[in-house]
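Enquirer: Produce the complete structure using the sequences and hints provided.
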Amino acid sequence: MLVVGVMGQGPFEGSSAARRQRAGGTARQSAAGRASGQRRGQPTHPSEPSPMRPVMSPRDGTSRRDRDRDRRRRSRPDRPAGPVPTDLGSHMRHHRQRRSPPGARFAGGIVGELLRRAGARPDAARIWGALLAGIVGALLLGVAGISDNYLHRGVETSANAPFVVQPIGDAPATNEDLLAVPEGERAAVIDQMAASGIRYVRMPLSWADLEPEPGEFAFDDLEGIVTALEAAGITPVVVVADTPEWARGDETAAAIDTPPADATDMYGFIERLMTDFRGRLPFLQVWDAPNDPARWGGQTPDPVGYATLLGESANAARMASPGVRIVLAELAIAPASGPDDLSYLRALYRSRAADFFDVVAVVADGGDRSPFDRQVGGDRINVSRAVLAREVMDEENDPATPVWATHFGWTTGDGGVTAAEQAEYTVAAIQRLRMEWPWMGLTFLWGFTATGMDDPGRALVVDGEPTATLQAISASAQDLTGVAPTGYTPLDAPAVRLTGEWTRQAAAPEYQTTPAVGSQVEIRFDGSGLIANVSYGPNTGLVRVRLDGGPVAGLPIDADSDGTASLLDLSAGFAFNASEPIVTGLDPGPHTLTMELVSPGQLTVGGLIVVRDLPTLWPIVVLAVAGAVLLFLAIREMLYVLLLRRGYLRRRREVDLNPAGRL
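The numbering of the sequence shown is the UniProt record's numbering, which starts it at 1 and goes up by one.
Please keep in mind that the hints were generated in silico from the structure rather than gathered at the bench.
Ideal placement from N, C-alpha and C gives every residue a C-beta, glycine not left out.
Each statement offered as a hint is correct.
Simulated DEER-style distance windows between Cβ atoms: (1) Q375 to E216: 46 to 54 Å; (2) S337 to G367: 16 to 24 Å; (3) D394 to N315: 26 to 34 Å; (4) G464 to A575: 54 to 62 Å; (5) A506 to Q299: 43 to 51 Å; (6) D394 to A506: 26 to 34 Å; (7) E216 to I256: 18 to 26 Å; (8) D492 to L139: 46 to 54 Å; (9) A187 to P322: 26 to 34 Å; (10) S337 to G268: 26 to 34 Å; (11) A231 to D373: 34 to 42 Å; (12) A187 to N315: 33 to 41 Å; (13) A420 to T264: 46 to 54 Å; (14) G413 to G482: 34 to 42 Å.
Expert: Written out as structure tokens, the structure is:
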């Protein structure tokens, strides 16, 4: 009869013949013992073999077990002579090897014991396979998670609300202390800015210089600068700091800068400044580095104190010049003895300072690293560090406030990069921010000229000549101008063109309405989709939509366009605003979309949102799916073994392939 042994049994171990042979041998042995007069439990004579006693060698009196043990010892010459150490201390005295961490040794011991026990079970193969699949699956999921965090941290697609509404576009911007530039050279510097494509300049205003005595204001130089900037098409962003001596307290008189002893003094200065330049200074930044003790009277920086100063200044500015935008002070990354920028920003939110600013300012110093260095850390100086400030804003439930990099770029000085790298890195970083960070608005290059700069290696103009970085920025700006990046695009952006009669709504200035049939809104954008903020209602007309000169997938075809356009119906029983996805799933690259009113009624548009899919996503998806499948199979196998051992499933035993004994 042919019998197959299953689940670890030998070919004859489970047969009936083998069991009878073992039983017969035991019976004969017992009978022999009784015939010799041996009592039950009495040991046999030493010269006679016994199953309870090892057979002794006639030559040296040693047992077979002792000889086998000696043979095994001689086969391992690397083991030290003498007794086998049984404690950890003796073992370490014989083996001077590098020790693993205690946690790793403990975990390794547990896993080893589990595997040892599993190996003795009939389900060893299943358990080993499940453990291996689980380990590999967990590793794949871990790699997928780490890769996703590295590649996509801070990256936003703008596909979901709330959308970050930037107050202005993303044209080139720079820092420059124009009041420190000699008066005879200011016009040339401003003209060179305009010729290079600079459209925004961030400039400090010294309160001490503009109000040297209480109520005495010296705005003449500032008036000339603002007038020249207006003529050149450059928008100023002013930073007010530097408390005059008459407004300081006695204990802070010698400090580099200090908040005023009475915040109402600051209120009066801001009110007069914004009244005299109403509508001409659209952006006001209050203070500089308030988390640095050197700029806070030499004392411990006080977030609540700065929040109070910011509130007084914001209220004064908004009362005197409605529509002005308040920019939070730029924070020092790691001052010598003050709190870092991230903890101070968090403290400002918890001091309820968010009501008094419209834009958050950060430093985006590239250090000596590439703009594509995506590793993020509080002590790591690179462009990606700005993501940490954005994450603080998300934690504090403020995802819709824009962020500006008020100092941005690389230096060619000590610890910096080469001039060629500075140009390459700056352009690449601007393009990356446009595609991946819709929450990032203006990026102010470190300085246009070296006037007042501690590090001339960051200047864009040296001895009157543009650097390679400025030339590269100018060329890039010409290519990018007129193409909307990822995120919200207002209707007055260079990438948007309105034709026909459009009227701005008083209650919601970002919305514009046209009643004229044939009026159009056209946008050129670089993204994978587009969302339009539009108004539905009973008085809306039909809208003809074209994408790159053809119809839009998912919308009905306009029969009057010979198949070259689609129709969008915005009619509804009552009026409401909505974010309407117009197109999705586009290939990367520039696209042009046109919306035209083609029937009597109205078309109201309140901005357009460019959507971009996450980059480099498919490898992460493959890793995650593979890891999840392996983990599922591992869990399935372990559950199967567990149910077998608990008796919930029946194990298949021996299978007699020839029950009749016919071969």
